[in-house]
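2 protein chains.
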Amino acid sequence: MTGKKKSAQASVEAMYRVFTVPEAPESTLSRIDQNISRNLAGFLQEHIVAVERDLSEVEKDFSDYAIPEKPVFVSEQAQFLLDKLVANSVHTASPSFIGHMTSALPYFMLPLSKIMIALNQNLVKTETSKAFTPMERQVLGMIHRLVYEQDGAFYRKWMHDPRFALGAMCSGGTVANLTALWVARNRAFPAEGSFRGIHQEGLFRALRYYGYEGAAILVSRRGHYSLRKAADVLGLGREFLIPVDTDDDNRIQTDALRDKCLELQKQKIKIMAICGIAGTTETGNVDPLDAMADIAREFGAHFHVDAAWGGPTLFSRTYRSLLRGIEQADSVTFDAHKQLYVPMGVGLVVFRDPSLASAVEHHAQYIIRKGSRDLGSTTLEGSRPGMSMLIHSGLKILAREGYEILIDQGIDKAQTFADLINVQPDFELITKPELNILTYRYCPEDVQQALALADELQTEKLNACLNRITKFVQKTQRERGKAFVSRTRLEPARYFHYPCIVFRVVLANPLTTREILEDILAEQRELATTEEGVQDEINILHQMASAVLKQHQPDARQA
Amino acid sequence: MTGKKKSAQASVEAMYRVFTVPEAPESTLSRIDQNISRNLAGFLQEHIVAVERDLSEVEKDFSDYAIPEKPVFVSEQAQFLLDKLVANSVHTASPSFIGHMTSALPYFMLPLSKIMIALNQNLVKTETSKAFTPMERQVLGMIHRLVYEQDGAFYRKWMHDPRFALGAMCSGGTVANLTALWVARNRAFPAEGSFRGIHQEGLFRALRYYGYEGAAILVSRRGHYSLRKAADVLGLGREFLIPVDTDDDNRIQTDALRDKCLELQKQKIKIMAICGIAGTTETGNVDPLDAMADIAREFGAHFHVDAAWGGPTLFSRTYRSLLRGIEQADSVTFDAHKQLYVPMGVGLVVFRDPSLASAVEHHAQYIIRKGSRDLGSTTLEGSRPGMSMLIHSGLKILAREGYEILIDQGIDKAQTFADLINVQPDFELITKPELNILTYRYCPEDVQQALALADELQTEKLNACLNRITKFVQKTQRERGKAFVSRTRLEPARYFHYPCIVFRVVLANPLTTREILEDILAEQRELATTEEGVQDEINILHQMASAVLKQHQPDARQA
Chain A
739 MTGKKKSAQA SVEAMYRVFT VPEAPESTLS RIDQNISRNL AGFLQEHIVA VERDLSEVEK
799 DFSDYAIPEK PVFVSEQAQF LLDKLVANSV HTASPSFIGH MTSALPYFML PLSKIMIALN
859 QNLVKTETSK AFTPMERQVL GMIHRLVYEQ DGAFYRKWMH DPRFALGAMC SGGTVANLTA
919 LWVARNRAFP AEGSFRGIHQ EGLFRALRYY GYEGAAILVS RRGHYSLRKA ADVLGLGREF
979 LIPVDTDDDN RIQTDALRDK CLELQKQKIK IMAICGIAGT TETGNVDPLD AMADIAREFG
1039 AHFHVDAAWG GPTLFSRTYR SLLRGIEQAD SVTFDAHKQL YVPMGVGLVV FRDPSLASAV
1099 EHHAQYIIRK GSRDLGSTTL EGSRPGMSML IHSGLKILAR EGYEILIDQG IDKAQTFADL
1159 INVQPDFELI TKPELNILTY RYCPEDVQQA LALADELQTE KLNACLNRIT KFVQKTQRER
1219 GKAFVSRTRL EPARYFHYPC IVFRVVLANP LTTREILEDI LAEQRELATT EEGVQDEINI
1279 LHQMASAVLK QHQPDARQA
Chain B
739 MTGKKKSAQA SVEAMYRVFT VPEAPESTLS RIDQNISRNL AGFLQEHIVA VERDLSEVEK
799 DFSDYAIPEK PVFVSEQAQF LLDKLVANSV HTASPSFIGH MTSALPYFML PLSKIMIALN
859 QNLVKTETSK AFTPMERQVL GMIHRLVYEQ DGAFYRKWMH DPRFALGAMC SGGTVANLTA
919 LWVARNRAFP AEGSFRGIHQ EGLFRALRYY GYEGAAILVS RRGHYSLRKA ADVLGLGREF
979 LIPVDTDDDN RIQTDALRDK CLELQKQKIK IMAICGIAGT TETGNVDPLD AMADIAREFG
1039 AHFHVDAAWG GPTLFSRTYR SLLRGIEQAD SVTFDAHKQL YVPMGVGLVV FRDPSLASAV
1099 EHHAQYIIRK GSRDLGSTTL EGSRPGMSML IHSGLKILAR EGYEILIDQG IDKAQTFADL
1159 INVQPDFELI TKPELNILTY RYCPEDVQQA LALADELQTE KLNACLNRIT KFVQKTQRER
1219 GKAFVSRTRL EPARYFHYPC IVFRVVLANP LTTREILEDI LAEQRELATT EEGVQDEINI
1279 LHQMASAVLK QHQPDARQA
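Heads up: the sequence lines are chains A and B, in that order. Counting from 739, one number per residue, gives the positions in the first sequence under this note's numbering. Counting from 739, one number per residue, gives the positions in the second sequence under this note's numbering.
Be aware that a few hints might be false.
In this list, chains with the same sequence are indistinguishable; a pair is considered to hold if it fits within one copy or across any two.
Under the rule of at most 25 Å between Cα atoms (straight-line distance), these lysine-lysine pairs were calculated in the DSS-like manner [claimed, not checked]: (1) Lys822 - Lys1006; (2) Lys822 - Lys895; (3) Lys1209 - Lys1108; (4) Lys1209 - Lys1220; (5) Lys1209 - Lys822; (6) Lys798 - Lys895; (7) Lys1199 - Lys1213; (8) Lys742 - Lys808; (9) Lys1213 - Lys1108; (10) Lys1199 - Lys1108; (11) Lys798 - Lys1108; (12) Lys822 - Lys1220; (13) Lys1220 - Lys742; (14) Lys1004 - Lys742.
Rather than coming from a laboratory, the hints here were simulated on the basis of the structure. Just so we're clear, the structure is a prediction, and the values are computed from it rather than from any experiment.
With these hints in hand, go ahead and build the complete structure from the sequences.
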C-alpha cells in the first residue's frame, strides 16, 4: 500500500469507528455525560459563566466560515463546546431566570431524551416509527380530552382511526397556530360547484369564487406575533390579522370584536377565524372565550384558542375555570416545551372535530399513502422526532396532580410577587397577574404621585424617562448574570395608552422562591439608584415629578 | 396537620424532587442511560423486537385516553417504555434498514445531544441562547460557503451582521422548502406605488395589483411532496405547483420546463419559483441545475434547489460536480438529519443574497426587536432548540474529509448494489443510481423477456401483477424484521408510463455491507418464490409471460 492509500484507509476506519465504538468512559464527552446525569444543577452552575460577555466578543469564537478539512478529536470539540458555547449559554433552568417561558426540566426528561435520540424514530410515517405512532395518537387523545372532555366512546372511536387525527404534533406553538389557521382557511373556502377548493386553486380564485375582497383573522392586540406571521405565510397578508382592543386587563373587548366583524362583513371581508388567547405572552391574561365562541358562531368563523402558554391551567381544579369556553374552540394550541416541562422543540394543536385535519390532508407515493396510519398526512412538517414520548412520560410521571401543583404554585407565586411589588413604594405593578405572568417597573413614589396627577403631555414625558430607566436596569441586571427578567412594551389606559417599557416576569420554575423575588427587586432598586449610567435620567425624572406635583399643590392650583 | 394536608404536602415535595434530585445511579432509567452510552448497538439490538407486531395490537398498549390522576414511578414508566415502546420501535440504525433516509448516528451525537437538552436553549432570541446564536450563524455561514463558495470578505461582512441572515435553521426540509418559497413569494410581489407588498396586503391584492391570474412554482414530477404542501400553505393552491416531465433518468426536461413557463406566461400566471432537485427522494437523481438557473433568470423567477438529500454531496471532490449549478440558486434546502448524520429534527435553508431573508422579517415587542441579533426575526418557527450545536460538532469532528468518505462510500455502494441486481436474472433494476438511491424489483427472467416484447395492454397486465408481488414481498420482508426496503410507484417510459411499484433503497448507513445487500436480495427471492400468500400471483405472472413470449415466437409471428 502506498502512503496515500494507507492514510485514506486510516480515514475510512476512523469514520467507521465513530459509528461503532462508543466514547470511552474516561473521555471528556463521557465525563460530561455522567456529570450531567449525576448533577445537572451543578453542571450548569459550574460551567455557565454568570457575567455576560458581549456578544460581539463571543462571535470571535464562531468566526471561521470554512468547514474544517481535517477532523478534530471528539475530546477537542467537547472541550471547545464547554469553554466557548456552554460557558456563554443562558442558565434557563436557574430559579432566578424568570424573564422568559423556558424553565427548569424535571430530571427524568434527560435520560428519556437520550432514549428518544438513540432510537432516532421519524414520526412522519409508521415505517420509521411503529409504536411511536400509536403513542403519539394517544398523547393527542389525552390532550384532546383535557380540553374537550369527550366520553370514552369518542376516544375509542377516533383516537386510533387512521383516517382521522385528533390533532397535529409539531415543533412548537408557532407551527401549531399556523396549522390551525391553515385548516381554518381551507375550511372557509371549500370545494363547491365548479370550484375545487382553496387547497387546490388557491386564495385568489377562492375569494373571487366566493365573492370576497379578503379574509381576516381577528385577535386581541395582545395576540402572539406568530399569528401575524401566519397571516403572511397563508397569503392573507399581515394587515388581515386584525387587532382588536383590549380592556384594562388585557382581555379582548367583545363588543369591539363584534363591531369589527360587522365592519369587515360590510367590506366583504370573510371572517376566517377568531383567535382567543389563553395566557397572553406578555401579561398572562385569558380572553373571555365563552363570549368569543358565540361571536365566532354568529359569523361562521373558525374559533381558535392559542393556549400555548395557559393550556396546562386545565390541570388545576382551582384555576381551570379561568379557561371556561375553551371547549368550544375548533382548535387549540398547546406548547409542550412550556408548561408541560418538556425540552425545547415540541408543540401541538388539537381539533374538536376529528374530521377537521382532513382540510390539509396530503399524500405521497412512498409514504403517507392513502389509508395508511402515517401521521405525516396531516402535519405541516414532514420528518419529525419522537418528542411525544417525552410528553407521554410527563403525563404519566407527573400526572394531572403533579401538573396541578406546578400550575397552582406558579399562579400563587405570581400573586405573592404582585403583593410584594405593591408594598414597595418605589415599584409599580403594571399588570396584575391572572395566570403566572406579571409586569411592573421601578417607579419612585414621587413619580407615581406625579403620574396620578399628570396631564397627557406630562405623562408622556415621565413615561419616556421611565422607559429609558427600565431598559437600562433590565439590560444591566441581565449582564450582571445573577437574575433575569425580560422587558416588553405595553400601552396602559391609565397613561393615555402611551407605550411603557416594563419588566416582564414569568413564574413557572418551581424552584423560584420568595427570597429570590425579593433579591430581584433589591438588585433592580440598587441598579436604579446607584448605577452611574442612569443617574442623570433618575435626576431628570425626580425634577419632572417635582414640577408636576408643585403644579398640583393646593396653593399652586389656586394661583 | 390533617391527613389530607399531609398528603398534599407530600405531593408538593415529590414534585420538587423531580426537579432537584437526579435519578439514582441504580434506577431503571439510569441503567438504560448508561447502557446506551456504553453500547448503543447492543441496546437497540437487545430491546427492539425484530418481528413486527401488528399495529392494531400495539395500539392496545396506548389506548388510555385519560391523563392519569396519580403519578406513576419513573421506574415504572421507564419499564413501560422499554417493553411497549422501544420494543416496538423501528431499528433505523440497523445496517439492513435501507428503505428510508434515516440511518445510524455517530456515537458522539448522543452525549452531545444530552448537553444540548440539558442547556435547553431557545434560539428564537439571544436572551435565551447567547453563544448559541453566533454558533448557529456560523453553521449557516459554513453551509452557505459549501454551496456558494464566497470569499472570506463576504463571510466576515455578513455572517454575524444582525441585520441579515445567510439562512434559516428549522425543524426539517419541509419547513426549509416552505421558508424558501415564502421568501420567493414575498419577493415576487413587493411593495410598489400604492401597494404595500404581499406580506402586508396578501396574495389576492398582490395578483390584482400586478395583473396576474395566479402564481406558480415549477418542479419536476419527482419533486418532494412538501413543495405541493407549500403551494397550499402559501395560498397559491396545489394546482399551481406545476409538475414538469422528466427524462428517462428522472431529471427535469428543460425544454418542457421552458415551454411550460411560456405557456403560463401567456395565461398571465406569474412564474414565482423554479425548483431544482439535488437528489430526488425516490430515485436520487439531480436535475440539470445549470440550465434551470438560466431559465429561472429568463423568466425572472426565484431559483430554489431542494438539496435536502443530496446537498452533502458537495463534500465529495469526486461527486461534487453532479450538483453543478447549485451555486446559482437563490436558496438551497439542506436536511441535517439526513446526510449530515444529526439526530431527527433539523434542516436549514441558505440564501445566496444575505438580504433575501428580509422578505419575511417580523418583529415583536418583547423579543426579536428591530436591531437585535435574534435569529427568530427571519425564521418561520418561533422557539427552537439548539440543534445547530450538533451540526457544528459534525462539521468539526467529521470535517469535510469525513463527510466525503460517507458520501463516496454511499454512492459507490449503490453502484455495487446496482451491479449485483443486474447480474441476478430474476431482479430488474428500475432506476440506476446517480447518488446513493436506486429502485428495483423482483421480476423473473421470462417476465423480463416478455416485457421487452409486450404491447401496451400486455405491459399493463404484467406490471399490475408484478405490482401486487412487489407490494407483498416488501410488506412481508418488513414484517419479518431482518431487513427493510421501502416501496414507491414510478412510471417508467419503457413501460408506456404504466405505474410500477418498486423497491426503493437508500444507502447511507456506512455499516451496510455487500453481504447484507446479497442477503436482502436472497430473502426477497425466497419470499417471492416460496411464500404461500403470493404463489397464485407468481403462477399467473408466468402464464402471462409465457403467452406473450409464445405470441412473439418466430412461428407464432408467421401464423
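Going down the list of hints, with the structure as the test:
no., hint, verdict
1, Lys822 - Lys1006, "neither (56 Å within a copy, 54 Å between copies)"
2, Lys822 - Lys895, "between (53 Å within a copy, 22 Å between copies)"
3, Lys1209 - Lys1108, "between (55 Å within a copy, 15 Å between copies)"
4, Lys1209 - Lys1220, "within (17 Å within a copy, 62 Å between copies)"
5, Lys1209 - Lys822, "neither (28 Å within a copy, 52 Å between copies)"
6, Lys798 - Lys895, "between (57 Å within a copy, 13 Å between copies)"
7, Lys1199 - Lys1213, "within (22 Å within a copy, 73 Å between copies)"
8, Lys742 - Lys808, "within (15 Å within a copy, 64 Å between copies)"
9, Lys1213 - Lys1108, "between (54 Å within a copy, 16 Å between copies)"
10, Lys1199 - Lys1108, "between (64 Å within a copy, 23 Å between copies)"
11, Lys798 - Lys1108, "between (51 Å within a copy, 23 Å between copies)"
12, Lys822 - Lys1220, "within (20 Å within a copy, 44 Å between copies)"
13, Lys1220 - Lys742, "neither (55 Å within a copy, 38 Å between copies)"
14, Lys1004 - Lys742, "neither (78 Å within a copy, 59 Å between copies)"
Against the hints set out earlier in the document, violations occur for numbers 1, 5, 13 and 14.
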